[in-house]
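Peer 1: Going down the list, the protein sequences come from chains P and L.
So for the first sequence, the working numbering puts the first residue at 1; every next one is plus one.
So for the second sequence, the working numbering puts the first residue at 1001; every next one is plus one.
Hints were generated in silico from the structure; no laboratory data involved.
Here the structure is a predicted model, which means the values were calculated and not measured.
Positions of the beta carbon are idealized from the N, C-alpha and C atoms, including for glycine.
Honestly, I wouldn't trust all of these hints.
What the hints assert, rightly or not - Computed cross-link-like contacts, DMTMM-like style, restricted to lysine to aspartate or glutamate with a CA-CA straight-line distance of at most 25 angstroms: (1) Lys14(P) x Glu88(P); (2) Lys92(P) x Asp1233(L); (3) Lys92(P) x Glu8(P); (4) Lys92(P) x Asp1177(L); (5) Lys1112(L) x Glu69(P); (6) Lys77(P) x Asp141(P); (7) Lys92(P) x Asp245(P); (8) Lys14(P) x Glu69(P); (9) Lys1049(L) x Asp1177(L).
Unchecked claim - Derived, one-sided and incomplete: chain P residues facing chain L with beta-carbon distance under 10 angstroms: (10) Gly94; (11) Arg99; (12) Tyr113; (13) Ala169; (14) Arg244.
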Amino acid sequence: MAEMTQRENIIEVKFLSVFYGQFQALKNVNINVQARKITALIGPSGCGKSTFLRALNRMNDLIEGARTEGQVVFDGKDIFEPDTDLLELRRKVGMVFQRPNPFPLSIFDNVTYGLRVHGQTARGFMEERLFRSLQAVNLWDELQDKLQANALSLTGEQQQRLCLARVLAVEPDVVLMDEPCSALDPTATARIEDLMYQLKEKYTIIIVTHNMQQAARVSDYTGYFLLGELVEFGETDQIFTSPRDRRTEDYVTGRFG
Amino acid sequence: MAGGNMIARHEGSDRLIKISLLVVAFSAVSVLVIITIFIFEQGLPIMMKYGLKNFLLGQNWFPSEKSFGLLPMIVGSLLVTLGALVIGVPLGLASAIFLTEFSNRRVSRFLKPVIELLAGIPSVVYGFLGLMFLVPFIREKFGGSGLSVLAASIILGIMILPTIISISIDSIRAVPDSYREGSIALGATRWQTVRMVVLPAARSGLVAGIILGMGRAIGETMAVIMVAGNAADIPGSLLAPVRTLTSNIALEMAYASGEHREALFATGVVLFVIIMILNFLANLAARKQYRKK
Ligand SMILES: Nc1ncnc2c1ncn2[C@@H]1O[C@H](COP(=O)(O)OP(=O)(O)OP(=O)(O)O)[C@@H](O)[C@H]1O
Ligand SMILES: [Mg+2]
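All chains should be modelled from the sequences, with the hints used to inform the complete structure.
Peer 2: Printed below as a string of structure tokens:
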């Protein structure tokens, strides 16, 4: 795995700091995220992983009192520039949440939601995207006959896959996943991990996880956060086998805290 | 052992509470049933005697001449209720949406109790304000006496606002934030999020609020009597006077006797049935729409 072919940064994070009021949740974080790779973010609770993820699609904007410094360069442009098209940014940088949150609408309406929001409402177009996204998350065979059923009637795993399909339907470049498996059982988790593996052919995935085995299994790169700092970032093999920082070593070997 | 004893005693008091709640619930329901039976018992015979058709479709209400046509009042009640909804529902929903989704928390924390206070103002006050300001305004702007369908609709529309707003606010607030986040994260605007996710998710609560508002409008009496003109004719325009079913009872009960009195009970029966039908339809509409989505 050692020397990758040519590297392509899709996101360059430079000196990113995020504050909630007086409290600094992220401190001068620098990361280059490689395109079409899986990047895992690990670290103990409350160390700023979600905050980091939510900075990348500017979801922190919704939080009253949240303030950001530094740069996130995506598509060659700093997303914090005032003229950024937020709606377009969020289309290109999709997000899957910790708890599956399908809308209480039909499966069809859930998957096509992003399309309708972005004005792409031609019937044939929507159906084609619906088909492709449900296929991509391996739900098409199960659900093709009940597209009008309420999404809340699905199992937790199906709901999470649906949420992923909902993101894929708008053809993002990057998919952010915040502990996407934490509400799922181990078999469902394994299947979602398989899925991530398939998806990285086309998408850049950044996943936050509490589960170090998961990070080791699925990711190409790993970043270790501690108290708002990015302690170490590198290829996953290296982070888990020969961490450079003492604190990383303590964490990945389970000696933490 | 003491533990077992405690559990037994707990079960005993549980039983007691259950039984007393049952008794309370049962007596509340039976009072309602008794009232209903009484109204029907008083009102139905005369309807049978003069014919259901004459009651429901007759256009002349001359109790002294044994002419008991309720159609003008039925039309009147439906008209002013519809008018109230046309005014109250959009305003109420818009206010609720604004207060929950587009204003900062302090504003809505302050305004919601104020709005709920409006629900506590006695209807005679609304009627009086209507008579003093709204009726003259309509008279000057649009002509006629001002005592009209329009005046009654506007007053009722305002009166049902607190109900609609406060129930809508509660049901919109009950929509989990995770839906909003999911929508925004897909690149939706706030308004799209409200329209396409929040409102559908809150639908059953919103419909409940509208039904309650509708119930209040069709049952309201005093304020309507004061601004509606009360002529027992089918109104020819929004500016014509109108008499509702409730007004019909309230206006004549003081001196009605014999068959006249029974005809007023019959008015009550009709009102009762109309309210049941409207509730049923509203519920049906809510459910059907939900399945379509
Ligand atoms: N909306 C907020 N307002 C104030 N402080 C916040 C807010 N959200 C998060 N924080 C704080 O910022 C810090 C980082 O939170 P964050 O959610 O990013 O951590 P995390 O690494 O994702 O934790 P977890 O593993 O528990 O999900 C925490 O100390 C948290 O208390
Ligand atoms: Mg988190």
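Peer 1: When the hints from earlier in the document are held up against this structure, which numbers fail?
Peer 2: 2, 5, 6, 7, 9, 14
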